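Engineer: From first to last, the protein sequence lines stand for chains B and H. For any residue, its number in the numbering used here is found by taking its place in the first sequence, counting from 1, and adding 9. For any residue, its number in the numbering used here is found by taking its place in the second sequence, counting from 1, and adding 8.
No lab work stands behind these hints, which were simulated from the structure alone. Because the structure is a prediction, the values reported are computed rather than measured. Mixed in with the good hints, there may be bad ones.
[Stated by the list, open to error] Pairwise CB distance ranges, derived in the manner of DEER restraints: (1) E24/H - G37/B: 31 to 41 angstroms; (2) T60/H - A102/B: 41 to 51 angstroms; (3) I77/H - E154/B: 58 to 68 angstroms; (4) Q142/B - R66/H: 31 to 41 angstroms; (5) G99/B - V19/H: 43 to 53 angstroms; (6) Q63/H - E154/B: 17 to 27 angstroms; (7) Q63/H - Q142/B: 26 to 36 angstroms.
By construction, the Cβ of each residue, glycine as well, lies at the ideal position given by its N, Cα and C atoms.
Each chain is listed here by its residues.
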Amino acid sequence: MIGRVVEVAETGRHLAKDRGFLTVAANGAEIGRVPLDDVVAVIASGYGLTYSNALIAALAERGAPVVLCGSNHLPAAFLLPVAGHHTQAGRLADQAAAPKPLKKRLWAQLVRAKIAGQAETLRAVGASHTGFQLLQRKVRSGDPENVEAQAARRYWPLLFGPDFRRNRDMDGVNALLNYAYTVLRAGTARAIMAAGLHPSLGLAHRQRGNAFQLADDLMEPFRPMADLLVADLVNDGAETVDRTTKPDLARILTLDMSTTDGMTPVGTCLERAAVSLAQCYAGTARELDLARRVPPLLA
Amino acid sequence: MWLYVMFDLPVGTKRERKAATDFRNFLLDEGFEMAQFSVYLRFVESKEAAETRIQRIRGSLPASGKVHIVTLTDKQYANARIFTGRKRERGRGNPNQLALF
């Protein structure tokens, strides 16, 4: 899944479909076009945008999510296809019937992978990463001690300095993280739909208002990759989400992860993870395919 | 890499014109852009992706006429010189990961 993320951030743009293209117009004149087959996600964050129905339907056919964002770069809604996979009905049934112990086991795998990823990210930026292995071992089925939060409490100060607070509504590094996560979440939602699963039936994220619980679950182990990307940008002097940093942040899905299976882009790893999740639900696999990173890393 | 599709299709009869238009529209649906009349091009991510596109074109060829498909590497494409009138035009380069509008 190497493709292009289309973001529409300026006011008054009109998005439409022309044969095999997504076209963008400003004041009635076309200013750009992108082949529909190449689009992995459309992120709409500008004011006064308009869309044609034919375009939305064409994107849905190709499984490309349309993300409607607020001004803080957090997604307010996703548009995803009704049918994403040829055996979707069967896989949805497996997913809905998944017993609680299975979900708890899978969640523990995700948390362990996330903590391992955090350690790798810290190692990559040259920060201390002691104790993370121990935390990883402490994660039990369902993570009842919330080791995930304990790891996060250590992780953020080590990565961005002791004064850093992760807050979804703040500017600066937080906004950079929001943006990278938004792209990552869109890619995860797409991978989930492509695997015939439904993103609303989560493992551990259980807020009733969150329609993308499963996407939020499954993307956890990949967040440290986004964090590493942001840390690199911050090192290079990036401060705000703008025209120069956005293209870098959108690279998250194509970033090569050096894994135990060789170099693979994050987008492909997400697809594998989603397919292995479907297999776990169906009972044909026990372990998620989570593409563990191996040091040394390429950022 | 880049795929160039060049074609000469007969347009003598109504049926031939229809076939030629259908082929042209097929290329547009596949995400090919017109570089010149009868010359269409598209960026593809990899050799495999190029092969897929070529196979799809093969499956949609009109009954008569000549079609050339050429693949260029990014470097070769970047070296292309494009003139409009006597003015040199800058090549477009590969598409960015993020299309920002």
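Engineer: Now, for every hint given, state plainly whether the structure supports it.
Structural biologist: Going down the list of hints, with the structure as the test:
Checked against the hint of 31 to 41 angstroms, the pair E24/H and G37/B passes, with Cβ atoms roughly 36 angstroms apart. Judged by the Cβ atoms, the range 41 to 51 angstroms given for T60/H and A102/B is violated: they are separated by roughly 32 angstroms. For I77/H paired with E154/B, a C-beta distance near 60 angstroms keeps the hint of 58 to 68 angstroms intact. Checked against the given bound of 31 to 41 angstroms, the beta carbons of Q142/B and R66/H, roughly 53 angstroms apart, lie outside it.
Checked against the hint of 43 to 53 angstroms, the pair G99/B and V19/H passes, with Cβ atoms roughly 49 angstroms apart. Q63/H and E154/B have their C-beta atoms about 54 angstroms apart, which leaves the hinted 17 to 27 angstroms range violated. Evaluation of the 26 to 36 angstroms hint for Q63/H and Q142/B yields a failure: the beta carbon distance comes to about 48 angstroms.
In terms of the numbered hints stated before, the structure departs from hints 2, 4, 6, 7, listed from lowest to highest.
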